[in-house]
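A.B. asks: One letter stands for each residue in the lines below.
Protein chains: 2
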Amino acid sequence: MKHTISALVENYSGVLSRISGLFSARGFNINSLTVGETEDPTVSRMTIVVDGDERTLEQVKKQLNKLIDVITVHDLTKTRFIDRELILIKVAVESPKDRCEIIEIAGNMKADVVDLGSQTITVEAAGDTPAIDKLVGSLRQFGIKEIVRTGKIAMSLDPMEKAQKTPKEEEE
Amino acid sequence: MKHTISALVENYSGVLSRISGLFSARGFNINSLTVGETEDPTVSRMTIVVDGDERTLEQVKKQLNKLIDVITVHDLTKTRFIDRELILIKVAVESPKDRCEIIEIAGNMKADVVDLGSQTITVEAAGDTPAIDKLVGSLRQFGIKEIVRTGKIAMSLDPMEKAQKTPKEEEE
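Those protein sequence lines, which keep their order, are chains U and E.
The first sequence finishes on residue 172 if you use the working numbering, and the numbering steps up by one all the way, no holes.
The second sequence finishes on residue 172 if you use the working numbering, and the numbering steps up by one all the way, no holes.
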């Protein structure tokens, strides 16, 4: 089963290595991982999507909580949450007809054209994974030159999930 | 100086730990890191933004290239490239007036409202870092409950940057 883990961590050199090492030591494969800034420059938020059984994941969560750099850890999988990712796709353009069609597909699928090259078009889109996969599927016919995807970020929408907030974020 | 590194890596358990360990051993602080899927399920693309001097970074790049899990490594900083990130922001709503104002700010700044709670509004936005920072700045007055940001993803727009493409992506 896929689990979406959200963790607040101290922004020190080495914390990422320790956390990812903890997952790999247990044989969990990380599907995606993002580390981004928060309002506090000393704190980062990690979103990790992993495949694994409930029991082993419970152990990993306990070990994460023991790490001194880890402030909070949550498995969002059982809460009401939203997840999103971002993609940049560079598509081959071989004719003016291709160009029009790619721009039209992008427009229909809420993607933005961010660069028009002589032989490529680069588009950007944000959405949930099925929407992003559908966009990639629609553009594949033209020839995909390059794809860069962020991993997923996720946020609990459950108002009871008070622990999601750090004291630092509440001060804002 | 900030460097934006784009690397294609084998999608094995442990590769992230080895790569992040390599940066932390040299004292580089990772500003942001994303690992996302590519068209090939056995290959992931990492985008890493790090602060550090040119010479030490050159050494890190060399060591990355030596890792068996690393397929290609590029420092995009000197090419023409685009970078983007994605943010989810949960904002406090204390009155109907707040609600209207937040929705208006989101609309003006190309952000989408993704959840309307009884006491919060959650918005999503994609853009370059200055645009995202500006949105956060505009919403701060209402009280920010939670922020989740992906790290940056980046793509070279230079048609000469042939090495950016892997043989696998060219087959598409």
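Heads up, some of the hints might be wrong.
Since copy identity is lost for identical chains, a pair holds within one copy or between any two.
Heads up, simulated SDA-like pairs for lysine to any residue below, C-alpha to C-alpha not over 20 Å straight-line [as the list claims (entries may be wrong)]: (1) Lys66 with Ala25; (2) Lys66 with Ser17; (3) Lys110 with Ala131; (4) Lys97 with Val70; (5) Lys62 with Asp40; (6) Lys97 with Gln59; (7) Lys2 with Thr38; (8) Lys62 with Lys110.
These aren't lab readings, by the way, just hints derived from the structure by calculation.
A.B. asks: Of the hints stated earlier, which fail here?
C.D. replies: Going through the list in order, the structure violates hints 4, 5, 6, 8 and respects the others.
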